[in-house]
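2 protein chains.
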Amino acid sequence: MDEIQVGLIGWGTVGCGLAKVLEDNSRMLQERLGVPLRLKKVVDVDLERPRPIALPREILSDQVEDILGDDDIRIVVELIGGMEPARTFLLEAMKRGKQVVTANKALLAVHGSELFAAALKHRVNIAFEAAVGGGIPLIRALREGLAANRIGHIYGILNGTANYILTRMAREETTFAEALSEAQAHGFAEADPTLDVEGVDAAHKITVLSSLAYCCELDFDQVHIEGITQIDPSDIQFAEDFGYQIKLLAISRNAGERIEVRVHPTMIPQEHMLAKVEGAYNAIHISGDAVGDVMLYGQGAGMMPTGSAVASDLVDLGRDLLVGGGVRIPPLACEGGAVVRREIKPMDELVINYYFRFSAVDQPGVLSKISGILGNHDISIASVIQKGRQVKGSVPVVMMTHEARECDVRLALAEIDKLQVVTAPTRLIRVEKNESPHEE
Amino acid sequence: MDEIQVGLIGWGTVGCGLAKVLEDNSRMLQERLGVPLRLKKVVDVDLERPRPIALPREILSDQVEDILGDDDIRIVVELIGGMEPARTFLLEAMKRGKQVVTANKALLAVHGSELFAAALKHRVNIAFEAAVGGGIPLIRALREGLAANRIGHIYGILNGTANYILTRMAREETTFAEALSEAQAHGFAEADPTLDVEGVDAAHKITVLSSLAYCCELDFDQVHIEGITQIDPSDIQFAEDFGYQIKLLAISRNAGERIEVRVHPTMIPQEHMLAKVEGAYNAIHISGDAVGDVMLYGQGAGMMPTGSAVASDLVDLGRDLLVGGGVRIPPLACEGGAVVRREIKPMDELVINYYFRFSAVDQPGVLSKISGILGNHDISIASVIQKGRQVKGSVPVVMMTHEARECDVRLALAEIDKLQVVTAPTRLIRVEKNESPHEE
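From first to last, the protein sequence lines stand for chains A and B.
Here this note's numbering is used: the first residue of the first sequence is 1031, the next is one more, and so on.
Here this note's numbering is used: the first residue of the second sequence is 1031, the next is one more, and so on.
Just so you know, the hints here were simulated from the structure itself, not pulled from any lab data.
Please read these numbers as outputs of a predicted model, since none were measured by experiment.
No copy labels: a pair is met if it fits in one copy or bridges any two.
Straight line, CA to CA, 30 Å or less: simulated DSS-like cross-link-like pairs of lysine-lysine:
no.	residue 1	residue 2
1	K1125	K1070
2	K1463	K1050
3	K1448	K1417
4	K1463	K1306
Based on the provided sequences and hints, a complete structural model is requested.
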């Protein structure tokens, strides 16, 4: 094989980044691989809209068959996103014996099992470094670098938009809405930021990572997803008073038979490395039984970082093609027979620490009523702040609990929110204590 | 191949960690690889001394030929450290067609070219994830994950002992000697800490990383190495006044034809992610042309983290053996012909910012004399602190410079230190500004 021919479906932002990396670093890539990587055909339904990177007319097409039907194209890159037709194109490419690369976290989270089974069946590789964490090589870390570890948990800041907004809210004491507008003005948030701020994007990513970490199939619909739109600036200030930062964390934990997979605003101790991740950056904190705590940090999105992740997959698959080794690493980095379906633990069974912010009228006996109800539900209070600080006409009473069960919390808050003295629904934020035994 | 047989030379701390990982996670490793990894023989000159992990008598031997001469042993792990006989054993193993794994950064830094050439000649793989950063998968990040990037620079906190000592000095305002004793008491420093606190260990590691990042051969003797033994608590306090932290940084920068490779105490801005790495942890900050800034963080040493890195190499080499692909990735991740020898830029040509602490008698005109000499040598002052704080009987005058040339600095300080009003040699600490364009 004197060159590796590549077909790209989807000429969008990441596709432009890929084309630019392949051109800018073509000599270096050839030195790494031994032969050139050639972008032979680029297919998109709309070839006319303006793009940051121009491509030669002769490699462009609006017919996907120009890639799928070309036997010389050995690797197909899917960068169109969404469910269909991305799913069909990937399945068809694999059926025809092509190696595939995708950055499509939503598709992998929802239809990963089907795609991975197809890769095994047709004896081709499916690579997806760009699907999570942009250019941060974290898929490889889970598939190979940490291969000798049982993963205990993963904490991820997996959405740069949400982290940018929370960082601005903490630094400038602005509201969510103000920080969102600013993020949009600076290009850190889309015109429609729903998937980012509601946690769905992070949920797709943590589902993919969890499948890899625990070598299992998961049902995306069971993932608990909660975004940051309800975070009030006062919560961020109270968190700091308690020694915490609020981050939108994607959390996955190996909880015996079942797995915890959840995305929600989370208080983490200020001294935790993840608390120090600011702005649009991503970071993933992985705990392995042998390696201890590892963190990977970098830009989780963007044309060039994500494009370079796709290019690294091309080098990898190119190496596999050149040595003729077939499938060297199965999709989930373990033998097909070892992949099992695992249930996601229902939120009601979660046992964890909580932060509550109650909005109550300023009169005697309120704290006693609230704490009485908590006590009846086996929820014990670790600390209380009642500062007389006014938030929306009420005096907030703020608490951190000891470990409590989520279903007890749900019932207790429903009861508390019915009290006459309580003027607005209670805010709940989950707390993750620093589990690192010795981060100093 | 129904199992992968492994021979281990060197039954020390990391060897015990490897044996424990292979035993604890044997089922998972088999699921990953498809066949068992079997530790068939362990060779050490001293089989009697007490160790944290016991091994069955029948796999122990004090004869290295029991491994090298066994044709069924396909992978040889070298964990004895030092130059000889480690070098000879590795060369001999490769000559006999065995895949090799080593954690020996000193050997790789000094004799890497010879070992890598032998691997290419005999068409075997040499893996060394455990040589740098313990269980942090950073060798893989450079060899594969960031393969599509031109690396601009690497900043590494690559020695946990030194970082622990500097963290304690900063937090407790203790002296170097006190912090070192404490590190020894807590098991974070060896009885003889020379290699760690003098920067030699970090220099070995950054040399290996630089060879990988820039695909080149380097002369270890040209690396500038400076440890932390001369750091005074006052320097750490002054650094904080200027908004910096002092870290023992291993720095490597692609400077055109030549490469900067140096290890020395360095002031970095407090908001830089590396400034937040505390205690015995390691971190490596890599800048790539497409990916931007990436950081990997974790435990850089220890029985289990390092043992797990060796085990991940065994999985990798096992996969190569099973698909029969031969050498899939060359030792430096580029074709042999692309590996060139590159010069290390002499320190005198460095252009950088500096921190100076002058010890001067407290009388008028001193600052004018010092700044006059600096000006004569083209060194311009960015800011000055003169607090009247007494350090060892003198009043320190502390300065940050604009960018200056190291040879000018050397000449200027020699002249200043000869002044009658200067009571002790001037302390110099190099400063790295935050090059990240947008870390918020």
